[in-house]
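Asks: Following numbering that gives the first Met the number 0, the numbering of the sequence shown begins with 0 at its first residue and continues without gaps.
No wet-lab data here; the hints were simulated from the structure.
Treat each hint with caution, since some may be false.
Cβ-Cβ distance ranges computed for the label pairs, FRET-style [to be verified]:
id, residue 1, residue 2, range
1, H125, D42, 24 to 34 angstroms
2, G261, E92, 21 to 31 angstroms
3, P10, P57, 39 to 49 angstroms
4, P10, T75, 22 to 32 angstroms
5, E129, L265, 15 to 25 angstroms
6, P135, M0, 28 to 38 angstroms
7, P50, V275, 20 to 30 angstroms
8, R240, A39, 18 to 28 angstroms
9, A241, D42, 15 to 25 angstroms
We put the CB at the ideal spot given by N, CA and C, even for glycine.
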Amino acid sequence: MLAHLSRHDDPDEIGTALDADGVVVIDDFLTPDTVVTLNAELDPILADRSPERRFINPLIADFFGDRVRHLTGMATHSRTFTDEVLLHPLYEELCGRVLGPSCATWQLNIAHLLERGPGAEQQFVHRDQEVWSFLPRPHPEVELASIVALCDFTADNGATRVAPGSHRWTEGEERHPSDDELVAAEMPAGAAVVYLGSTYHAGGANRTPDEWRRGFHLSFVVGWLRTEENNVPATPLDTARALPRRAQELLGYAAHDAIATGGGYLGTVDVQDPVVLIEEGRL
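The whole structure should be built from the sequences, with the hints applied where relevant.
Replies: Given below as structure tokens:
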């Protein structure tokens, strides 16, 4: 069973559930009105999207499959996404708890929309943190991830399957969950399943005849780590200037300043913080 909580619950209670299982479901992460608005903004964009697309490496096509519509650079497509999803206060609370001990600040790793169509097969079971294969192991948590449902997620239409407790497995990387250790994160539209980068999971198979399972995948990482999506060119400066400063920071326009804790600084322009230069009209 997965813990199901509310965005109104005490953040410590949510964090405790996440610590215990490596995953928690927030049933009311977004309001119904926000879900309606997001889908209205995304419908015309996705209407022109085909599951057939190019990737940096052809092996990635096997991961996404040929029955998935995919949209990246979400902050360029929807201001509602930026205001209501990217800047959701619960992400701030949980990132502070999970990532805060290992960085001066955190940043968006990737935000993309995945619409899994009928016939989509289950992804291979994986940990999201595996993309940083060069990090020495064991290491502290470097990633907080989530799937935000824009329709009802069911076991039949491809709800994300997770292995509760797998973030604590120490048997080595060869230890993978068996099928009966995976639980479908069934949840209503507007809910989010939040999990750690060390938690095993997979997008489920869509066995329905005509349902497209639509949801965002967002993850956040420590501010000194290279992100999967290069969010600066994905959200060009002209777009970023119109966004709240916190959104600019999360999208990679901020420096990672760890001098106060004995570290250095990363990502500056003219040895200054780019978000300050944006604010002053110098960038």
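Asks: Look at each hint and say if it fits the structure.
Replies: Do the hints match the structure? See the list:
| no. | hint | result |
| --- | --- | --- |
| 1 | H125 <-> D42: 24 to 34 angstroms | holds, 30 angstroms |
| 2 | G261 <-> E92: 21 to 31 angstroms | holds, 26 angstroms |
| 3 | P10 <-> P57: 39 to 49 angstroms | holds, 42 angstroms |
| 4 | P10 <-> T75: 22 to 32 angstroms | holds, 30 angstroms |
| 5 | E129 <-> L265: 15 to 25 angstroms | holds, 23 angstroms |
| 6 | P135 <-> M0: 28 to 38 angstroms | holds, 34 angstroms |
| 7 | P50 <-> V275: 20 to 30 angstroms | violated, 42 angstroms |
| 8 | R240 <-> A39: 18 to 28 angstroms | holds, 25 angstroms |
| 9 | A241 <-> D42: 15 to 25 angstroms | holds, 23 angstroms |
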